[in-house]
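Undergrad: Okay, here's what each chain looks like letter by letter:
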Amino acid sequence: MDRVINAFLGIVIGVGAMLLYYFGTNWVIDRVLADKIGPDGAIVGKRGELRERIRPWLFIAPAVFLLVLFLVYPAVQTVYLGFFNARGTEFVGLANYEWAFNDPGFQLAIRNNLLWLIVVPLFSTALGLIIAVLADRVRWGQFAKSLVFMPMAISFVGASVIWKFMYDFRGPDQPQIGVLNALVVSLGGEPQAWLTLPLVNNLFLMVILIWIQTGFAMVLLSAALRGVPDETLEAARIDGANEVQIFFQVMIPQIMGTIVVVWTTITIVVLKIFDIVLAMTNGQWQTEVLANIMYDWMFRGGGDYGRSGVIATIIMIAVIPIMVWNIRRFRQEEMER
Amino acid sequence: MSAVLKNFSLGALLSRLALLMIVVAWTIPTLGLFVSSLRDRDLLSTTGWWTAFQTNLRFEQARTNAADVQTESDGVYTITGNALEVTNDDGEVTLNPTKSIRSFGGGFLPASGTETYAGNEQPGIRDYAPGTTVTLENGETFTLNADGTYTYTSPVPFDMERGRRFFVVTNNPPSFSLRNYQDVLSAEGVADSFINTFTVTIPATIIPIAVAAFAAYAFSWMEFPGRRWMFYVVVALIVVPLQMSLIPLLRIYNEIGIAKTYPGIWLAHTGFGLPMAIYLLRNYIGGLPREIIESAKIDGASHFQIFMRLVLPLSVPALASFAIFQFLWVWNDLLVALVFLGKDAEQIVLTSKLRELLGSRAENWEILTASAFVSIIVPLVVFFSLQRYFVRGLLAGSVKGG
Numbered sequence: 001m002d003r004v005i006n007a008f009l010g011i012v013i014g015v016g017a018m019l020l021y022y023f024g025t026n027w028v029i030d031r032v033l034a035d036k037i038g039p040d041g042a043i044v045g046k047r048g049e050l051r052e053r054i055r056p057w058l059f060i061a062p063a064v065f066l067l068v069l070f071l072v073y074p075a076v077q078t079v080y081l082g083f084f085n086a087r088g089t090e091f092v093g094l095a096n097y098e099w100a101f102n103d104p105g106f107q108l109a110i111r112n113n114l115l116w117l118i119v120v121p122l123f124s125t126a127l128g129l130i131i132a133v134l135a136d137r138v139r140w141g142q143f144a145k146s147l148v149f150m151p152m153a154i155s156f157v158g159a160s161v162i163w164k165f166m167y168d169f170r171g172p173d174q175p176q177i178g179v180l181n182a183l184v185v186s187l188g189g190e191p192q193a194w195l196t197l198p199l200v201n202n203l204f205l206m207v208i209l210i211w212i213q214t215g216f217a218m219v220l221l222s223a224a225l226r227g228v229p230d231e232t233l234e235a236a237r238i239d240g241a242n243e244v245q246i247f248f249q250v251m252i253p254q255i256m257g258t259i260v261v262v263w264t265t266i267t268i269v270v271l272k273i274f275d276i277v278l279a280m281t282n283g284q285w286q287t288e289v290l291a292n293i294m295y296d297w298m299f300r301g302g303g304d305y306g307r308s309g310v311i312a313t314i315i316m317i318a319v320i321p322i323m324v325w326n327i328r329r330f331r332q333e334e335m336e337r
Numbered sequence: 001m002s003a004v005l006k007n008f009s010l011g012a013l014l015s016r017l018a019l020l021m022i023v024v025a026w027t028i029p030t031l032g033l034f035v036s037s038l039r040d041r042d043l044l045s046t047t048g049w050w051t052a053f054q055t056n057l058r059f060e061q062a063r064t065n066a067a068d069v070q071t072e073s074d075g076v077y078t079i080t081g082n083a084l085e086v087t088n089d090d091g092e093v094t095l096n097p098t099k100s101i102r103s104f105g106g107g108f109l110p111a112s113g114t115e116t117y118a119g120n121e122q123p124g125i126r127d128y129a130p131g132t133t134v135t136l137e138n139g140e141t142f143t144l145n146a147d148g149t150y151t152y153t154s155p156v157p158f159d160m161e162r163g164r165r166f167f168v169v170t171n172n173p174p175s176f177s178l179r180n181y182q183d184v185l186s187a188e189g190v191a192d193s194f195i196n197t198f199t200v201t202i203p204a205t206i207i208p209i210a211v212a213a214f215a216a217y218a219f220s221w222m223e224f225p226g227r228r229w230m231f232y233v234v235v236a237l238i239v240v241p242l243q244m245s246l247i248p249l250l251r252i253y254n255e256i257g258i259a260k261t262y263p264g265i266w267l268a269h270t271g272f273g274l275p276m277a278i279y280l281l282r283n284y285i286g287g288l289p290r291e292i293i294e295s296a297k298i299d300g301a302s303h304f305q306i307f308m309r310l311v312l313p314l315s316v317p318a319l320a321s322f323a324i325f326q327f328l329w330v331w332n333d334l335l336v337a338l339v340f341l342g343k344d345a346e347q348i349v350l351t352s353k354l355r356e357l358l359g360s361r362a363e364n365w366e367i368l369t370a371s372a373f374v375s376i377i378v379p380l381v382v383f384f385s386l387q388r389y390f391v392r393g394l395l396a397g398s399v400k401g402g
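Protein chains in written order, with my numbering: chain A, 1 to 337; chain B, 1 to 402.
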């Protein structure tokens, strides 16, 4: 009971302090810089102007402070620490980068990350598109989409438990309790410890993320498909195109923009993939990925900030093209607005 | 014409079938987890969850009571008991009333040969039907009934310190209970984690919404130098990986002493969630009709008043969308919790707990399935009840932006 009360108190104080700031500072400038009213009832002086010049900064100050403290400064500092030794005390130049590119674990992680980058966005987007198209044609489509979308609400760790159970392995002479091995056995195959088979075990981990991300792709693509004007489809039908041709030659080109957005969004998730690997294999059996190495070095032997920082920086470099593309697209949108 | 029609309906049938198969494939993993979490521990570890609705046979070992409980009448020494009773680690005796004996044999009973059961060679487990009285060479008799009760008699006093061992095949009709949930919530400390997760999630959802709403309003309707490029920075920050922040923040946190504290993780989640929040809310707030804001200004309202009384109430749908996002993200987060919170009972969150159990209780599926379900039930409820807002947020956040 104490714990609940403590938790509740903490919540009240945390939220209260924040509200106090906004109400407090705005109240203060409204007081201190209140309009001076002259004897004739008119406003005297330029206090109002000053007040309204300060106010925007009161509005954005907490946001700017938090963004700088939690994202901008640390990002710069992480790149910087990559050039220093484990404790950040001695400049070592490119030694950490040299270590990374010669480390077999790192090379393995790069290979696996590349695999993830190809497989997960491809399958999530393709499956999402297929489901969106199929579900729009049946009455229970909305229900079907809800069920496919559901894994989006499940944590990566929760999903890992769910799928570890799917992949469970018992000796060949015992009854299997994992769905996958039960299927394999019923088809006359040998049960396998899937997570320990190098290379393919990566695919079994990717299935988990595809299972989660397909719903996301489906929702976005479904909305985009609804935006495709019926006239274009009709026109194609009149011209004698069949459903498959319409799908590839009329629909896909019109929703290409959304496909790219879905693809890049999932790409960013994939670049940071961590929880699933940590929970399922912790990088064993050649399933290592960059974010897991980074986390590992953050605490290994009291923490190696140089190596860990270098790996974070490499993940960041991979994200930069998407970042630039995002900003350009955003600027274009602003122009059109 | 008829060929076209036939083709069309065949195609429609196939596409329905395909959709059905996909939906089933997508649902089965979660269904398996849920069904398993309600099953008996021993059955769960030996039979597939898809057999949970049928009667399962199980091979089990049983033991008679020891000599200390024997009674004597007319020169016959008797031990009675129930072979289906289970004693747990705390010495608590339980009996599942739905269970029954299908056959028994082996152990101290004369066996006719060996049978293979569950991959193991077992002597004579199918020798005797329940109710049979087995007479041993030394004059002892043993009777086992279907309900598990047995009578073991001997013409001379029993003297064994441990009961005699034998084997049974049991019928296990479908039986579901919340036992696993009781176990994980009390003994495994999952209830603590549940509270901890709430303690992290609620402020980490509310604080960024408020901070972002004020900023989004300023970016939309207030004039200040640097407004444009500052917003570009926000758009850029949306995609910065969390990993870039962890090391320096951990150092700062350790220095000022807010590592492993709740306010520390609230602030971290606020910082990480802000770019997306500002972006989403600015899209919405910036899209409000200009006339509303202008006319309020003419009526002498300050920006603070306009924001509080006009813009905030109008923005509820956008605020709700982001709230669901942030709630799910924080609830489901593992990495931030691993770095910024401790792992003791006072602080460990559900995801972190679950990960720990995956390591320490890897073979205890009754623990893992129940714990996992506890950890996903709240997001699932939020998700299904507020799906409309969630989808709206996804569309606003992704089709236009990062």
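Since the hints were derived computationally from the structure, they do not count as laboratory data. In this text, all values refer to a predicted model and were calculated from it rather than measured experimentally. Built from N, CA and C at the ideal position, the CB exists for glycine as well. Careful, some of the hints might be misleading.
In silico DSSO-like cross-links for lysine-lysine, where the CA-CA straight-line distance does not exceed 30 angstroms [what the hints assert, rightly or not]:
#	chain 1	residue 1	chain 2	residue 2
1	B	K297	A	K46
2	B	K343	A	K272
3	A	K36	B	K297
4	B	K343	B	K260
5	B	K297	A	K272
6	A	K36	A	K46
Estimated spans, in silico, between C-beta atoms of each pair [unchecked claim]:
#	chain 1	residue 1	chain 2	residue 2	range
7	A	R328	B	Q182	32 to 40 angstroms
8	B	R309	A	R328	46 to 54 angstroms
9	A	F248	B	Q182	34 to 42 angstroms
10	B	S177	A	R328	52 to 60 angstroms
11	A	G189	B	E137	56 to 64 angstroms
12	A	P321	B	G226	21 to 29 angstroms
Undergrad: What hint numbers does the structure not satisfy?
TA: 5, 7, 8, 9, 11
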